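Participant: Residue strings, one per chain:
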Amino acid sequence: MSFSAPHLLGIEPLSQADILSVLDLAETYVDLNRGAAKHGDALAGLTQVNMFFEASTRTQASFELAGKRLGADVMNMAMQASSIKKGETLIDTAMTLNAMHPDLLVVRHPQSGAVNLLAEKVNCAVLNAGDGRHEHPTQALLDALTIRREKGRLHRLSIAICGDIAHSRVARSNILLLGKMENRVRLVGPPTLMPAQVAEFGVEVFDDMRAGLDGVDVVMMLRLQRERMDGGFIPSEREYYHRYGLDAEKLSYAAPDAIVMHPGPMNRGVEIDGTLADDINRSVIQEQVEMGVAVRMAAMDLLARGMRARRAA
Amino acid sequence: MTPILLTHARLIDPEAGTEETGSLLIAGGTISARGSVTPPEGAQVIDCAGKCLAPGIVDIGVKVCEPGERHKESFRTAGMAAAAGGVTTMVTRPDTNPTIDSPETLEFVLRRGNEATPVRFHPMAALTKGRAGREMTEIGFLMDAGAVAFTDCDHVVAEPRVLTRAMTYAQGLGALVVAHPQEPGLSCGAAATSGKFASLRGLPAVSAMAERMGLERDLALVEMTGVRYHADQITTARALPALERARAAGLDVTAGISIHHLTLNELDVGDYRTFFKVKPPLRSEDDRLAMVEAVASGTIDIISSMHTPQDEESKRLPFEEAASGAVALETLLPASLRLYHAGALGLPQLFRALSLNPARRLGLPGGQLAVGAPADLVLFDPDAPFILDRFKLNSKSKNTPFDGARMQGRVLRSFVGGVEVYAREG
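Sequences listed follow chains A and B, in order.
Start counting the first sequence at 7; every next residue gets the next number (the numbering used here).
Start counting the second sequence at 1017; every next residue gets the next number (the numbering used here).
Misleading hints may appear alongside valid ones.
Said to hold, decoys possible - Which residues of chain A face chain B? A partial, calculated answer using Cβ under 8 Å:
1. Ser-21
2. Thr-53
3. Thr-95
4. Ile-97
5. Gly-119
6. Arg-178
7. Thr-198
8. Pro-201
9. Ala-202
10. Glu-206
11. Gly-208
12. Val-209
13. Gln-231
14. Arg-232
15. Lys-256
16. Ser-258
What the hints assert, rightly or not - Listed next, the in silico DSSO-like pairs over lysine-lysine satisfying Cα-Cα at most 27 Å (straight line):
17. Lys-127(A) / Lys-1331(B)
18. Lys-127(A) / Lys-1145(B)
19. Lys-127(A) / Lys-1412(B)
20. Lys-1212(B) / Lys-186(A)
21. Lys-127(A) / Lys-1067(B)
FYI, nobody ran anything at the bench for these hints, they're computed from the structure.
In this text, all values refer to a predicted model and were calculated from it rather than measured experimentally.
Quick reminder that beta carbons are idealized off the backbone N, C-alpha and C, glycines included.
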């Protein structure tokens, strides 16, 4: 098992083999996490720093747990509260970090490309935990693992990604990953929430849920990024829920065994019906969270192996 | 001053649209003879060995960071960069700190410029005070003090009433207004041109349509006021028909473009390379090709560097936050020669856009190779290959998108008023 790049900045540069090596290793960590002694030593002796320039509970907790279960020393830095406010630039931050000799750096940043910039300046492996509207690769990998376990395969599936595509890094990473794995990807949402020239991404675009969900195997809902909306993308939340919120009726257009996914946190009653989200026969939202820890363990393990090999050479 | 005779030169004459081998005699600061000239007694003879001799570049829209940010660029370093780039006249921008919006600040700039730069320079002044788009500047006083045009640079005067009044007032004085055509309601906050690339990179983007909207509005006001108008940068194919219509209707309108929009496209940004962040943002390849054609056909009149020095700190930031702009005084000619080498433009055509048209538009002497014209000249080898090293640039700021690029065409000598201001070593 191997991983070609020194960092995990996005899905874009990954090959099919890279993606599969993360998923296969993650499977073993799912077993570990379900066992009695949830502990490995793949990251023993390594220092993992979680730098979140944007508030996050779930992703940060998931990375923290993943690192701890593999024996890393994990430190959390809540950057939105600290030195950035004092005028320190991202490069200064990188220099400061270098002096602390971290091995793994997990970064979330509100601006697209900021994690790439940081990765150029630090001497350790960088994992992108979400940058602006660009990418969120571990989310796409955990979604892929969930789909593979539920559907028994990760190719030739029909997958609908629904909602606020324009503001979503989750959507971009998923479009890239699912495309690389040779699936049919549909995007469903109001035209105001579609990125420009999105049809050129090799996807089918729908502005109607009935047509968009017709016969799909997977329905992936996105959070309506209310905090990012500077207004005017949709007329109201209630009209949005009426036209694009996932409920039992809209789900009935999908294949009978279609699964429902959501990256969380959910706005119940805005993009998804609360009862449906909790329906264990259709919703795999809890499993996504579980897969998240395993995928992040696998990603950090693979990056650490590569780093050790490079350091030894 | 000893006369200088330049022999065996490939004379690029943008006015006549010709290139021919011959000699040029410089005496008393002007071109005093051309063709086959016998050297006068005591003249210095320079054998050009078949290299190109053209009227020096007149560059509209150079930012020299004095006053306010001399650590980014001074008149001295900008002047050295200009001389090394074959730019014999810099027409400077008023978007300094403070803004050049009063005769007093303009006098400071003139004094600094005249004592520090080896090339000619003429300042532009702001159209509105503080470039804030609310009150017009003292256009009359500023013209008396030496302002050659009025511009708020990349700040669009959003309020049509303010712009109308400023244009009307400028028209009365015969002043040239230089505007940045853009609909600010759409372009606000944008760092890229909307399209597949910006969507993939997750960058806030502006539709190419915003440029056409801004231009259409400006042209309507030009029609209303009759002002002399120059669009600083037209970079999208969609804006061209409006320009052509305005010309056909007899409006006094010209348009420019930066060399970056003629030689680079949006994909060059790659992995968030901030040296490629310019304003307006780089466009699609289709637009770039359309603009090269527009320069060839004369729809676009002027090519300029839009020289904008930025220090490392302003550029080493996430793409959205990073400052816009690129230094280009020294790369303007070699980058322009890419268009010549690609077969898109002949050399006389190229120097029409680099030298003759900007000089004419501003009513400056220069841009010509005629007897009696000022001896502002550039001697260059259009074929000499080199790899650009940004740290060898004369500008204080090194933010060029051409770092490491293979280029073809080197400036060998520059003359301003018959005085050699640059000679390439070796």
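Participant: Next, verify each hint and record whether it holds.
Facilitator: Verification of the hints:
1. Annotation: Ser-21(A) was flagged as interfacial toward chain B, and the flag is violated, the nearest CB pair being 18 Å apart, outside 8 Å.
2. Nearest Cβ of chain B to the Cβ of Thr-53(A): about 25 Å, over the 8 Å cut. The hint is violated.
3. Interface restraint check for Thr-95(A): the shortest CB-CB distance to chain B comes to about 7 Å, inside 8 Å, so the restraint holds.
4. A hinted interface residue such as Ile-97(A) counts as satisfied when its beta carbon comes closer than 8 Å to some beta carbon of chain B; here the least separation is about 5 Å, so the hint holds.
5. A hinted interface residue such as Gly-119(A) counts as satisfied when its beta carbon comes closer than 8 Å to some beta carbon of chain B; here the least separation is about 3 Å, so the hint holds.
6. The restraint placing Arg-178(A) at the interface with chain B holds, with a minimum CB-CB distance near 6 Å, inside the 8 Å limit.
7. Because the beta carbon of Thr-198(A) sits about 13 Å from the nearest beta carbon in chain B, more than 8 Å, this interface hint is broken.
8. A least Cβ separation of about 4 Å between Pro-201(A) and chain B falls short of the 8 Å threshold, and the interface hint therefore holds.
9. Among the interface hints, the one on Ala-202(A) holds; its C-beta lies about 4 Å from the nearest C-beta in chain B, closer than the 8 Å criterion.
10. Against a cut-off of 8 Å between C-beta atoms, the interface hint on Glu-206(A) holds, since the closest Cβ of chain B lies about 5 Å away.
11. At a threshold of 8 Å, the smallest CB-CB gap from Gly-208(A) to chain B is about 11 Å, leaving the interface hint violated.
12. The interface hint given for Val-209(A) is broken, as the beta carbon of that residue sits about 11 Å from the closest beta carbon of chain B, more than 8 Å.
13. At its closest, the beta carbon of Gln-231(A) sits 12 Å from a beta carbon of chain B; the interface hint therefore is violated under the 8 Å criterion.
14. Given the 8 Å rule on beta carbons, the hint for Arg-232(A) is violated: about 18 Å separates it from the nearest Cβ of chain B.
15. Interface restraint check for Lys-256(A): the shortest CB-CB distance to chain B comes to about 26 Å, outside 8 Å, so the restraint is violated.
16. Against a cut-off of 8 Å between C-beta atoms, the interface hint on Ser-258(A) is violated, since the closest Cβ of chain B lies about 31 Å away.
17. Of the pairs offered as hints, the one joining Lys-127(A) and Lys-1331(B) holds, with about 14 Å between alpha carbons and a cut-off of 27 Å not exceeded.
18. Using a Cα cut-off of 27 Å, the hinted pair Lys-127(A) and Lys-1145(B) is violated, with the two alpha carbons roughly 41 Å apart.
19. Only pairs whose Cα atoms come within 27 Å are accepted, and Lys-127(A) paired with Lys-1412(B) is accepted, the gap being roughly 23 Å.
20. Our distance criterion of 27 Å between C-alpha atoms is met by Lys-1212(B) and Lys-186(A), whose separation comes to about 17 Å.
21. Between Lys-127(A) and Lys-1067(B) the alpha-carbon distance is near 44 Å, which puts this suggested pair outside the 27 Å criterion.
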